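Asker: The lines below spell out each chain.
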Amino acid sequence: MTRIGRWIGSHLVLALGLLVLLYMYIPNFIVALMSFNDASGARNLYEFQSFTLDNWLNPCAPLGMCESVKVSIAIGFAATIFATILGTLASFALVRHRFEGRSTMNLMIFLPMATPEIVMGSSLLAMFVAAGQGGKLGFWTILIAHILFCLSFVIVTVRSRLAGLDSNLEKAAMDLFANESQTFWRITFPLVFPGILGAALLSFSLSFDDFIITNLNSGQTVTFPMFVWGAAQRGVPMQVNVVGTVMFILALTIVIVGEAASRRRRRLLAAR
Amino acid sequence: MGALQRVLTKHPAYFLVGPAALWLLVFFAFPLVSLITTSLSDPSGSPIAGYDMTFRFQNYSEVISEYWPYLVRSFVYAGIATLLCLILGYVLAYAIAFKAGQYKTILLVLVVAPFFTSFLVRTLSWKLILGDDGWVVHTLQALHVMPPDGRILATPVAVVAGLTYNFLPFMILPLYASLEKIDHRLHEAASDLYASPARTFFRVTWPLSLPGVVGGTLLTFIPAAGDYINASLLGNTNTQMVGNKIQQLFTTASDYPHASALSVILMALIVVMVLMYVRKAGTEELL
Numbered sequence: 001m002t003r004i005g006r007w008i009g010s011h012l013v014l015a016l017g018l019l020v021l022l023y024m025y026i027p028n029f030i031v032a033l034m035s036f037n038d039a040s041g042a043r044n045l046y047e048f049q050s051f052t053l054d055n056w057l058n059p060c061a062p063l064g065m066c067e068s069v070k071v072s073i074a075i076g077f078a079a080t081i082f083a084t085i086l087g088t089l090a091s092f093a094l095v096r097h098r099f100e101g102r103s104t105m106n107l108m109i110f111l112p113m114a115t116p117e118i119v120m121g122s123s124l125l126a127m128f129v130a131a132g133q134g135g136k137l138g139f140w141t142i143l144i145a146h147i148l149f150c151l152s153f154v155i156v157t158v159r160s161r162l163a164g165l166d167s168n169l170e171k172a173a174m175d176l177f178a179n180e181s182q183t184f185w186r187i188t189f190p191l192v193f194p195g196i197l198g199a200a201l202l203s204f205s206l207s208f209d210d211f212i213i214t215n216l217n218s219g220q221t222v223t224f225p226m227f228v229w230g231a232a233q234r235g236v237p238m239q240v241n242v243v244g245t246v247m248f249i250l251a252l253t254i255v256i257v258g259e260a261a262s263r264r265r266r267r268l269l270a271a272r
Numbered sequence: 001m002g003a004l005q006r007v008l009t010k011h012p013a014y015f016l017v018g019p020a021a022l023w024l025l026v027f028f029a030f031p032l033v034s035l036i037t038t039s040l041s042d043p044s045g046s047p048i049a050g051y052d053m054t055f056r057f058q059n060y061s062e063v064i065s066e067y068w069p070y071l072v073r074s075f076v077y078a079g080i081a082t083l084l085c086l087i088l089g090y091v092l093a094y095a096i097a098f099k100a101g102q103y104k105t106i107l108l109v110l111v112v113a114p115f116f117t118s119f120l121v122r123t124l125s126w127k128l129i130l131g132d133d134g135w136v137v138h139t140l141q142a143l144h145v146m147p148p149d150g151r152i153l154a155t156p157v158a159v160v161a162g163l164t165y166n167f168l169p170f171m172i173l174p175l176y177a178s179l180e181k182i183d184h185r186l187h188e189a190a191s192d193l194y195a196s197p198a199r200t201f202f203r204v205t206w207p208l209s210l211p212g213v214v215g216g217t218l219l220t221f222i223p224a225a226g227d228y229i230n231a232s233l234l235g236n237t238n239t240q241m242v243g244n245k246i247q248q249l250f251t252t253a254s255d256y257p258h259a260s261a262l263s264v265i266l267m268a269l270i271v272v273m274v275l276m277y278v279r280k281a282g283t284e285e286l287l
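In the order they appear, the protein sequences are chains A and B.
Sequential numbering of the first sequence, starting at 1, is according to our numbering.
Sequential numbering of the second sequence, starting at 1, is according to our numbering.
Everything labelled a hint here was simulated from the structure, so no lab data went into it.
These figures come from a predicted structure and were not determined experimentally.
Below, simulated DSBU-like cross-link-like pairs (lysine-lysine); rule was C-alpha separation at most 35 Å, straight line:
| hint | chain 1 | residue 1 | chain 2 | residue 2 |
| --- | --- | --- | --- | --- |
| 1 | B | K99 | B | K280 |
| 2 | B | K104 | B | K280 |
| 3 | B | K104 | A | K171 |
| 4 | B | K127 | A | K70 |
| 5 | A | K171 | B | K181 |
Pairwise CB distance ranges, derived in the manner of DEER restraints:
| hint | chain 1 | residue 1 | chain 2 | residue 2 | range |
| --- | --- | --- | --- | --- | --- |
| 6 | B | L83 | A | R186 | 48 to 58 Å |
| 7 | A | L111 | B | R279 | 13 to 23 Å |
| 8 | A | R96 | B | K104 | 22 to 32 Å |
| 9 | B | P12 | A | K171 | 13 to 23 Å |
| 10 | B | L193 | A | L197 | 42 to 52 Å |
| 11 | B | L25 | A | W140 | 17 to 27 Å |
| 12 | A | F51 | B | P69 | 40 to 50 Å |
| 13 | B | R203 | A | L111 | 29 to 39 Å |
So, partial list: chain B residues that the calculated Cβ filter (under 10 Å) puts toward chain A:
| hint | residue |
| --- | --- |
| 14 | G18 |
| 15 | P31 |
| 16 | V33 |
| 17 | G50 |
| 18 | A100 |
| 19 | T105 |
| 20 | L120 |
| 21 | S125 |
| 22 | A225 |
| 23 | D227 |
Heads up, the beta-carbon is just placed ideally off N, CA and C, and yes, glycines get one too.
Build out the structure end to end from the sequences listed, making use of the hints.
Answerer: Okay, structure coming up:
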């Protein structure tokens with residue numbers, strides 16, 4: 001009895017966990033399904049009517065959607081590059097150096113993550129307006145905001161990778177007469193790189209996805225989430241689901257390829 | 001200039017940390033100050049002409065007396081959603097940390113992956129799942145749990161369901177991080193000493209996972225309390241949260257001083273709650 005009980009006990013948790021995971025995927029299934037929905041002439045846009053490939057063949061049919069995707073990609077790339085560079089530099093200082101103001105800096109990194117988006121967005125808006133920029137909201141104000149909220153996440157990600165680094169590897173390189181810059185570029189940087197890449201991926205998806213902060217600071221500029229929000233008042237075009245599905249598949253591919261590459265490298269190193 | 005140069009060559013750390021620190025100072029700290037001054041300004045200005053700072057503390061009393069139900073609703077919805085996330089998230093984090101074996105990494109990737117589809121697009125799909133003709137409503141009606149004309153969409157239930165779904169990963173990742181650190185031998189030791197699985201959980205696992213519980217509940221509760229997307233898309237006019245009101249005051253009403261005052265109140269309430277909670281949980285070192 002106790003053995004059966006224990007078997008159920010250990011497998012029940014796993015089964016329940018997988019059920020929770022399944023629950024997290026329900027919306028993705030629905031989004032993928034609705035990307036094949038023929039909604040022309042439909043009364044209810046939140047119901048599957050009939051199968052069609054039209055949405056995939058003409059993704060840019062809804063007026064303004066593809067332009068908004070381009071704006072989001074441009075802002076996403078710019079914010080990712082800036083935030084990743086600034087954040088990586090700061091992470092090295094925070095892990096490798098003891099300096100005055102270090103704990104203040106740690107607090108400054110933590111606070112944006114503990115601030116609700118609506119507060120962060122409204123305070124930026126209040127400052128832009130106070131600085132007389134109220135009429136000039138747009139691409140640049142969105143970019144400034146996105147770099148800000150990506151920065152903390154980059155620092156947290158890269159910092160933890162750097163802190164977990166075995167410093168003996170660097171000492172070994174120095175013992176073998178590598179100079180400082182050789183040690184950095186041949187040992188330290190390659191080891192930290194997966195963390196930097198992960199931080200960049202996280203930044204891009206945070207930026208691409210942001211609505212609340214963007215909405216307050218965008219002026220007339222329309223990003224993809226803002227397009228969806230605007231369209232939701234009338235009924236969203238089904239092509240929105242195509243963009244959602246493509247993003248999902250793309251991100252999953254990048255993560256899987258990255259994971260496979262690091263596994264392969266680890267196996268090669270072990271075999272040597 | 002010379003002094004600055006001397007500092008930088010003597011302390012290379014400031015070179016590295018400087019740009020990020022400057023960005024956080026100019027675009028996070030200054031704006032918060034600006035939010036507070038705007039909240040004390042005369043509402044008779046305009047976003048283009050600017051507002052006169054007159055220490056008008058009435059903005060705060062006006063906002064509280066008019067919009068307190070929105071604040072209460074935000075904290076109640078976010079609180080329930082956080083509790084649900086804790087239950088669901090703990091099960092999954094526990095399963096990944098202790099039962100997944102070699103599939104740990106893959107399962108962790110699978111936890112994050114759904115969230116690469118846009119937040120708004122995923123939230124809209126709940127409109128279909130919880131809709132009046134959806135399978136959830138039909139099943140509940142067939143089981144007589146719900147009256148034949150009952151609804152889920154446009155009710156508080158839908159808003160809380162949306163919040164729970166959207167912020168679940170923020171709970172799972174910190175929980176997993178602290179569960180994963182627990183030495184498996186502690187479990188073996190507990191059962192060797194005749195502790196039942198339930199007793200092992202409550203006396204060993206749960207206390208050791210507390211840092212993750214505190215981190216996860218904060219990371220879930222804070223964004224949930226400020227969210228208005230779920231309330232807008234899945235709720236109705238009676239389920240609006242404080243975020244809805246702040247956003248409306250800024251955009252449609254262009255009443256920046258009152259909007260800022262409400263924003264400052266939300267932030268202050270969250271800071272107070274976080275401090276009380278962290279002190280009670282005895283995990284100050286997290287901050």
